[in-house]
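J.: Sequence:
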Amino acid sequence: MAPPPPVEMDATSKLMFDVLTQNITQMRLANEAQAARMEKLTEELALSRDNKLRFKVIEPVKYSLDSTIKLQDYFVTFEIFCAAQYGNANKDAWSAALGKFLEGDISQAYIGLEGGSMLWEDLKTTLAARFADTAQRTNKFLNLFNNLVQDNNESLLNLSMKVERIAKQAYPTFNQLNLDVLIKNKFLAVVPVEVFDSLNIALLDRDLAAVPFEKIVSLAEKVQKTTPKTVIVEVAKAASTVVIESDPVANVQATISLRPNS
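Sequential numbering of the sequence shown, starting at 0, is according to numbering that gives the first Met the number 0.
Hints may contain errors.
What the hints assert, rightly or not - Below, simulated DMTMM-like cross-link-like pairs (lysine to aspartate or glutamate); rule was C-alpha separation at most 20 Å, straight line:
{"hint": "1", "residue 1": "Lys-221", "residue 2": "Glu-193"}
{"hint": "2", "residue 1": "Lys-167", "residue 2": "Asp-72"}
{"hint": "3", "residue 1": "Lys-139", "residue 2": "Glu-163"}
{"hint": "4", "residue 1": "Lys-55", "residue 2": "Glu-78"}
{"hint": "5", "residue 1": "Lys-167", "residue 2": "Asp-179"}
{"hint": "6", "residue 1": "Lys-123", "residue 2": "Glu-58"}
{"hint": "7", "residue 1": "Lys-69", "residue 2": "Asp-104"}
{"hint": "8", "residue 1": "Lys-214", "residue 2": "Asp-179"}
{"hint": "9", "residue 1": "Lys-61", "residue 2": "Glu-113"}
{"hint": "10", "residue 1": "Lys-123", "residue 2": "Glu-113"}
{"hint": "11", "residue 1": "Lys-224", "residue 2": "Asp-196"}
{"hint": "12", "residue 1": "Lys-61", "residue 2": "Glu-102"}
{"hint": "13", "residue 1": "Lys-69", "residue 2": "Glu-120"}
{"hint": "14", "residue 1": "Lys-61", "residue 2": "Asp-72"}
{"hint": "15", "residue 1": "Lys-167", "residue 2": "Asp-65"}
{"hint": "16", "residue 1": "Lys-90", "residue 2": "Glu-58"}
{"hint": "17", "residue 1": "Lys-224", "residue 2": "Glu-193"}
{"hint": "18", "residue 1": "Lys-161", "residue 2": "Asp-150"}
{"hint": "19", "residue 1": "Lys-123", "residue 2": "Asp-65"}
To be verified - Using C-beta positions, here's what the derived DEER-type ranges look like:
{"hint": "20", "residue 1": "Ala-208", "residue 2": "Ile-57", "range": "31 to 37 Å"}
{"hint": "21", "residue 1": "Ala-29", "residue 2": "Ala-95", "range": "50 to 56 Å"}
{"hint": "22", "residue 1": "Ala-32", "residue 2": "Leu-118", "range": "51 to 57 Å"}
{"hint": "23", "residue 1": "Glu-193", "residue 2": "Asp-91", "range": "55 to 61 Å"}
{"hint": "24", "residue 1": "Leu-143", "residue 2": "Lys-214", "range": "22 to 28 Å"}
Bear in mind the hints are in silico, worked out from the structure with no lab data behind them.
Even glycine gets a Cβ: it sits at the ideal position worked out from N, Cα and C.
All chains, please: the whole structure from these sequences, using the hints.
T.: Listed below in structure tokens is the structure:
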């Protein structure tokens, strides 16, 4: 059987077919060009990341033996910083970077050990063994805490920070709730008598544990800067506060247990 005769398109159909063919060709060329541009952009980004882009990494605070953070915990923070800043290819190079972030006795030990030339793991082990948290160190801070007083010309703000810092070092096993109450009571015990007396009037009928330490410090500063008569009026309006015992550090357990968690 003979094949069917070819179908001839009219002029309109032929024009539409030509337009469709041209559109398909243009789309294919556009897709190829887009793919080429994306490939080039990817290559440029990779090159830029390797050679030019450097994201700023926040440096850790400096470490000293007076820091409230444990040395081993500081090493964890420092390693995260080094991994982001320098990469993990050569961790032993981190040893040289550590010296910049040490202060006091541990800095002197690092210098004496020539810590910058030590292997990183060896340096960590050596420093941790020498400056581990020991009972002797805790007892030293207990003694400091028990004998803590306000120095001459020391501001109440600086006194509050000193109380907070030494309390954390003297009682490292306390949970935060117990520690907060201990800090508040100690601060109230070492402020000047006239400040304590005015606070005792201003802070009425509230549990000491419910008052933020920052609030107590702020009120103490206000008390110190104004006359006693004005203080009683102004501070009493500013605070709904605490009944303070005559001896604020005595019988702390009446408010909350201060025994370390076992």
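J.: Taking the beta carbons of Ala-208 and Ile-57, is their distance inside 31 to 37 Å?
T.: 34 Å, holds
J.: Holds or violated: Lys-123 and Glu-113, Cα atoms, limit 20 Å.
T.: 13 Å, holds
J.: Within a Cα-Cα threshold of 20 Å, do Lys-69 and Glu-120 meet the stated pairing?
T.: Given that 20 Å is the threshold and the Cα spacing comes to 17 Å, the pair holds.
J.: With respect to the beta-carbon atoms only, verify the hint that Ala-32 and Leu-118 lie 51 to 57 Å apart.
T.: Check passed, 53 Å falls within 51 to 57 Å.
J.: Can the restraint linking Lys-69 and Asp-104 be considered satisfied, given a maximum Cα separation of 20 Å?
T.: Measuring from Cα to Cα gives roughly 15 Å; hence the hint holds.
J.: Straight-line Cα separation of Lys-123 and Glu-58 no greater than 20 Å?
T.: Given pair Lys-123, Glu-58 holds - Cα atoms ~19 Å apart, limit 20 Å.
J.: Verify the proposed pairing of Lys-61 with Asp-72, using a straight-line Cα cut of 20 Å.
T.: 13 Å, holds
J.: Mind checking the alpha carbons of Lys-123 and Asp-65 for me, to see if they're no more than 20 Å apart?
T.: 18 Å, holds
J.: Quick one, are Lys-214 and Asp-179 close enough, alpha carbons at most 20 Å?
T.: 13 Å, holds
J.: Given the proposed pairing of Lys-167 with Asp-179, does the C-alpha separation stay at or below 20 Å?
T.: Between Lys-167 and Asp-179 the Cα gap is close to 10 Å, so the pair holds against 20 Å.
J.: Need the status of pair Lys-167, Asp-65: alpha-carbon distance at most 20 Å?
T.: This hinted pair holds, its Cα atoms lying about 10 Å apart.
J.: Under the criterion that the straight-line Cα-Cα distance not exceed 20 Å, is the pair Lys-224, Glu-193 satisfied?
T.: Holds, because 12 Å separates the two Cα atoms, which is no more than 20 Å.
Violated hints are absent here; each numbered hint is respected by the structure.
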